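Peer 1: Since the structure of chain A is provided, determine the placement of chain B on it from the hints.
Chain residues, written in single-letter form:
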Amino acid sequence: MLKILRDLFRYNLEFAIGAVLMAVILGMAALSAFSPYPPANIYVVAPDVPPSWAHPFGTNSRGQDVFWQLTFAMRNTLLFGFAVALLSRLLSLLVGLVAGYQGGLTDRVLMSINDTFIVIPLFPLLVLFYFVMRDYMNWALLALVIACLGWAYDARLIRSIMMSLKTRDFTKTSVFSGMKMHEIVVREHLPYVMPIVFSTTLNNINWSIGLEVTLSVLGFTDINKPTVGTMIFWANQHSAMVAGVWWWFVFPTAFITLTFIALFLLAVSMNEYIDPRSRLARMGTGGG
Amino acid sequence: MRSYGIYVLTRFAQFLLVVFIGISLTFFITHLSPIDPVEQMIAGMTAMGQSDPEAVALMRTALQELYGTGGPLMEQYFAYWGRILSADFGPSLSSFPTPVSTLISRALPWTVGLLFTCTVISWVLGNLLGGLAGYFRESRMLKLAGVIVMGFHPVPYYIIAFVLLIIFGLMWPVLPTSGGAAANLPRGWNAEYVLSVLRHSILPAVSIVLVGLGGWFMGMRALVSNVVTEDYVTYAELGGVRRSRILPFYVIRNALVPQVTGLAMSLGAIFNGAIIVEFVFGYPGLGRLLISAVYAGDYGLVLGVTTISIVAVSAAVFLIDILYPVFDPRVKLA
Chain A
0 MLKILRDLFR YNLEFAIGAV LMAVILGMAA LSAFSPYPPA NIYVVAPDVP
50 PSWAHPFGTN SRGQDVFWQL TFAMRNTLLF GFAVALLSRL LSLLVGLVAG
100 YQGGLTDRVL MSINDTFIVI PLFPLLVLFY FVMRDYMNWA LLALVIACLG
150 WAYDARLIRS IMMSLKTRDF TKTSVFSGMK MHEIVVREHL PYVMPIVFST
200 TLNNINWSIG LEVTLSVLGF TDINKPTVGT MIFWANQHSA MVAGVWWWFV
250 FPTAFITLTF IALFLLAVSM NEYIDPRSRL ARMGTGGG
Chain B
0 MRSYGIYVLT RFAQFLLVVF IGISLTFFIT HLSPIDPVEQ MIAGMTAMGQ
50 SDPEAVALMR TALQELYGTG GPLMEQYFAY WGRILSADFG PSLSSFPTPV
100 STLISRALPW TVGLLFTCTV ISWVLGNLLG GLAGYFRESR MLKLAGVIVM
150 GFHPVPYYII AFVLLIIFGL MWPVLPTSGG AAANLPRGWN AEYVLSVLRH
200 SILPAVSIVL VGLGGWFMGM RALVSNVVTE DYVTYAELGG VRRSRILPFY
250 VIRNALVPQV TGLAMSLGAI FNGAIIVEFV FGYPGLGRLL ISAVYAGDYG
300 LVLGVTTISI VAVSAAVFLI DILYPVFDPR VKLA
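Protein chains in written order, with numbering that gives the first Met the number 0: chain A, 0 to 287; chain B, 0 to 333.
Where chain B lies over chain A, by a calculated footprint (3+ residues, C-beta under 8 Å): (1) 101 to 115; (2) 126 to 140; (3) 214 to 223; (4) 249 to 263.
Calculated directly from the structure, the hints in this document are not laboratory data. Remember, predicted model here, so these are calculated numbers, not experimental data. Just so it is clear, CB atoms sit at the ideal spot from N, CA and C, and this is done for glycine as well.
Pulled out of the complex, with its shape left as it was, chain A reads as follows (with noise of 0.2 Å):
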């Protein structure tokens, strides 16, 4: 595990980009229980005030130190992508495998369905979500719909993976020495699947990250949980671009993008890694 990572490091330099860039978000995140404010408290510090060494990002027209509250925004972001990531992750695994192993009539209906969910637009249905449920949206619930919404994409991938390790003499083998499907599924194919679930879990936080924020600016989420959204959709709401006030939105807005660019990153490079053929290439050349 190590020498891969070294490897990684040494002839990927997306990779290595990537894990810099993750390495200095997760930290930021990880500042977050340090801080000397509670995030929900208002007008604990002077509104307005400019970056100074005494608040590196300013203060905000709240009265909240923009440091301090970027690291909980950032922490309660990531924890969102990774709880949408988690649970989405489940239900295309299901999806995918079993789509895949069983084929025949089982796969085309599962393909109906998940070819419905990567065509429907979501967000609007995510807006019409959030107008009926008004005060009732919270973090976990919009996680929840957002991972129920977002597996379709990856189920395809993971079935079509699981349609040619299906015709590979081991599944034959194991279907004769008697073990069951869901056997056979776990223990024989899902070592073989668990790669590219990697990989697009990376991206699924990045989508989920990315629906997250753009409904917290509008304020479609309970705004008042510190994301990187809703510092976003205060900064507007106290008009801070025509104030001046340029430190709330601009130091957010650059965190959130290192974090999509790192994502991306770590994602491609995971990608070109499972590919031998790609792997190979690039050692071989050194770098190029």
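Peer 2: Coordinates of chain B only, in the frame set by chain A:
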């Protein structure tokens, strides 16, 4: 020709399934909510100062009919479909008494226009650049272009649009950042108005294209680098076919097929992006309509836009699907 007919029929069935599941989802979302929507609407409306009793009574019946509250769930469900199929979403609450369908049909051309143009631009440009980058692998300029478009790709639409808004609204105000056209111009097919529409669409369009490019670029580059190693490409090169001919007609042509499927699969996501971008730049399309309807508590309008979005996107996907054989002749025989 017969097998093409069967192909179209199965795609049409898929289209119906998408609409069916989509609309059913909207039904269950609205009917399993713990809040009684009708009373909440009425309360919100009277609080906003709407006190004409006649209008309130009209609204209550319209809302009850629309929500289909009362009666068993199955009955509500069928009544709901009746309303949807007749495209009757009642009057809009926020701009009473204009019907919701009128508001939607006013906004739809803006969204369709913006979305269509941006999708075509980013798909064509992304595939072209990706194809070039996959074919001329050593070119430094194409590598740089790849890094740039891929850098924008993972960033969500909102953030890109927001950053453009910061740049062009705050730091360097040369482009209009709000609206669909200059408000003081009369609508019509004259140069001044069309130019104003174009100028207003630059920032929303750039946001959508910037996010979209990277995906097509990466997909095409990967496909092309696989195709160029095929024997027939080597053969063509050895046979002296010009490279300017090999790339478009031998390589890209073959790699294009999965990209058409990709377009159909990602149309929903592009639509989501367009909605958000429209809101950021106050573009008068479905996105602004949807989000301002939420702020105004206009249930009929929110439901109407959601339904139309589902139907429109799946119809567009169906269209791409039935045009698919143009790109892949094998489908006709299959």
